[in-house]
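Please arrange chain B on chain A, whose structure you already have, making use of the hints.
As a plain string of letters, each chain reads:
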Amino acid sequence: MKAYLIALMLWLIASPLWGQSFRTVSSEVSFFSSAPLEDIKANNEEVIGVFNADKGAIAFVVQIKGFQFAKSLMQEHFNENFMESEKYPRATFEGKVLDYNLTESGEQQARVEGTMTIHGESQEMEATGTFEKRADEIIMKAVFPIALEDYNISIPKILFQKIAEEVEVTVHFKFKEG
Amino acid sequence: MKILKVVILVLATVFLKVFGQTSSLMAQDSLLEQLQQDVDPIENIVLGTFKGTRLINGHTVMIRGAGNLDFMISHRFGRLNSGAYNFFGLDEANIRLGLEYAFTDRLTVGFGRNSFQKVYDGFAKYNFLRQQSGVRNIPVSMTWYSSMAVNTFKRPELPLNFQRRLSFAHQILISRKFSKCVSLQLMPSYVHQNLVPTKEDKNDLIALGVGGSLKLTKRTSLNLEYYYRVNPNEDDGLYDVFAIGFDIETGGHVFQLHLTNAQAMTETGFIPGTSGNFWDGDIHFGFNISRSFQLKEKNKSW
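Which chain is which? The protein sequence lines are A and B, in order. Just so we're aligned, residue 1 is where the first sequence starts under the working numbering, counting upward by one. Just so we're aligned, residue 1001 is where the second sequence starts under the working numbering, counting upward by one.
Simulated from the structure, these hints should not be mistaken for laboratory data. Even for Gly, the Cβ is constructed at its ideal location relative to N, Cα and C. A few of these clues could be false.
What the hints assert, rightly or not - Within a straight-line C-alpha distance of at most 25 Å, the following computed DSS-like cross-link-like pairs (lysine-lysine) qualify:
{"hint": "1", "chain 1": "A", "residue 1": "K157", "chain 2": "B", "residue 2": "K1215"}
{"hint": "2", "chain 1": "B", "residue 1": "K1199", "chain 2": "B", "residue 2": "K1118"}
{"hint": "3", "chain 1": "B", "residue 1": "K1215", "chain 2": "A", "residue 2": "K87"}
{"hint": "4", "chain 1": "B", "residue 1": "K1202", "chain 2": "B", "residue 2": "K1154"}
{"hint": "5", "chain 1": "B", "residue 1": "K1218", "chain 2": "A", "residue 2": "K87"}
{"hint": "6", "chain 1": "B", "residue 1": "K1296", "chain 2": "A", "residue 2": "K41"}
{"hint": "7", "chain 1": "A", "residue 1": "K162", "chain 2": "B", "residue 2": "K1218"}
{"hint": "8", "chain 1": "B", "residue 1": "K1215", "chain 2": "A", "residue 2": "K162"}
{"hint": "9", "chain 1": "A", "residue 1": "K96", "chain 2": "A", "residue 2": "K141"}
{"hint": "10", "chain 1": "A", "residue 1": "K174", "chain 2": "A", "residue 2": "K96"}
{"hint": "11", "chain 1": "A", "residue 1": "K157", "chain 2": "B", "residue 2": "K1180"}
{"hint": "12", "chain 1": "B", "residue 1": "K1218", "chain 2": "B", "residue 2": "K1180"}
{"hint": "13", "chain 1": "A", "residue 1": "K157", "chain 2": "B", "residue 2": "K1218"}
{"hint": "14", "chain 1": "A", "residue 1": "K133", "chain 2": "A", "residue 2": "K96"}
{"hint": "15", "chain 1": "B", "residue 1": "K1118", "chain 2": "A", "residue 2": "K87"}
{"hint": "16", "chain 1": "A", "residue 1": "K162", "chain 2": "B", "residue 2": "K1298"}
{"hint": "17", "chain 1": "B", "residue 1": "K1296", "chain 2": "A", "residue 2": "K162"}
As the list claims (entries may be wrong) - Residues of chain B placed beyond 12 Å of chain A at every Cβ, according to the derived structure:
{"hint": "18", "residue": "L1047"}
{"hint": "19", "residue": "N1094"}
{"hint": "20", "residue": "R1113"}
{"hint": "21", "residue": "P1159"}
{"hint": "22", "residue": "D1204"}
{"hint": "23", "residue": "N1231"}
{"hint": "24", "residue": "N1233"}
{"hint": "25", "residue": "Y1239"}
{"hint": "26", "residue": "D1240"}
{"hint": "27", "residue": "F1293"}
Only chain A is shown next, with the shape it has when bound in the complex (with noise of 0.2 Å):
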């Protein structure tokens, strides 16, 4: 009986409830612009993400101002005038990873395509990526181009040479199970 108990406990706990859910440990997103006149670069480590192994479902949050530059009067410029920080504080993602094999072991190739939102405006986007797994983590990067007009995000022609229509938005996420 006490045998029976335990070993339906454990089949309770240990199996998972559904697919295999891993969560952050460790994230980092950045962006670059690039510009005639200007290199911008900012990171930032105020990001969770979650990760469905199964259905290869991922999600992730990235809070606004916990974005670093270099310059301080250009961070103040970013969520002030470009992100509306306070009125939009977070940049979400919710989509597929496509293409890569939970079993393989050593970095692949794979694709992710979902929803971007960012500045309250949302985006049908597909980036490409690679996919590592490594004992019980998983090592996810994914650059995603970001065009800024597709989310409303408008530069003053004054600053046209400092900032590019288009930024890179690097994400690099380590998960594990659980």
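Using the frame of chain A, we list chain B on its own:
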């Protein structure tokens, strides 16, 4: 009995399992919603309370980030009511050139040279409280401001030693950004002048400043500033300083255009010594232009 127990246990387990699965399947549709609830609060510091480090004549709570050097050129022209012959004051200009450096994200030290009364001024400004929400809730920003001015104007009729040329101003700047568009600031101020015109005049002056900024567009704002002198000298022919201004911000520059009754551009000058009456037309057109240079970048590795 034992069999019944086992049956109940099995049923319960299976039920739990199935129920658990369906509920998480339902939850899976909103993977993102689930995630949204798990986001840790961030230290949400209110940004852009004011566009510049100056409101109009006086300072705002704002400090530039560490490693930032601001070069500032300010002008106050002559009085508008001086007429067409003086081109409404534009023939005559006072200028202040200033440099200010942010040693940390909270501390700025600056100095300047004013053509008016040939004054050299130096100041230190420390932002000790930041309006924020999230991890901590702080409703206002507060900055300590202290300045010293040396009047080097030659006055052969007066024996002026260095001591007599000095004056000091101290302020606590308290601001709150009420909404995306509206910020207000209170400026309790204390000014000490080592030299005053007559024996009866007081060396110490208490004043309370109020100011505000209304954002018109993302890059422009309308500003007001007024300093009420609490204990002015009687019949000194001086007035409280009032100013109305318009800010334009373009990346690293802030252009501030304004109308004010003050000619001086230091707290030690315009709080106790404004001789123009705004409402009589003793109005000076003026501007501040600041240009930011990031001398030291944070986290160079990026």
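Beyond 12 Å from each Cβ of chain A, as asserted for B:N1231: 38 Å, holds
Exclusion check [B:D1204 not at the chain A interface, CB over 12 Å]: Label holds. Min Cβ-Cβ 37 Å, cutoff 12 Å.
25 Å limit on alpha-carbon distance, applied to hinted pair A:K162 and B:K1218: 18 Å, holds
B:K1296 paired with A:K162 [C-alpha distance capped at 25 Å]: With Cα atoms ~19 Å apart, B:K1296 and A:K162 stay inside 25 Å; holds.
Straight-line alpha-carbon gap B:K1215 to A:K87, limit 25 Å: 16 Å, holds
Distance rule for B:D1240, whose beta carbon must clear each one in chain A by more than 12 Å: At about 32 Å from chain A, B:D1240 clears the 12 Å cut-off, so the statement holds.
Separation of B:N1094 from chain A, once the least beta-carbon distance is taken, above 12 Å: 28 Å, holds
Given hint A:K141 paired with A:K96 - CA-CA distance at most 25 Å: 14 Å, holds
Given pair status - B:K1154, B:K1202, alpha carbons within 25 Å: Cα-Cα ~23 Å, so holds.
Given hint B:K1180 paired with A:K157 - CA-CA distance at most 25 Å: It holds: about 23 Å lies between the C-alpha atoms, which stays within 25 Å.
Beyond 12 Å from each Cβ of chain A, as asserted for B:R1113: Non-interface label stands for B:R1113: nearest chain A Cβ at 25 Å, farther than 12 Å.
Least C-beta distance from B:Y1239 to chain A larger than 12 Å: Non-interface label on B:Y1239 holds, nearest chain A Cβ at 35 Å vs cutoff 12 Å.
Hint check: violations occur at hints 15, 18, 27; the rest are consistent with the structure.
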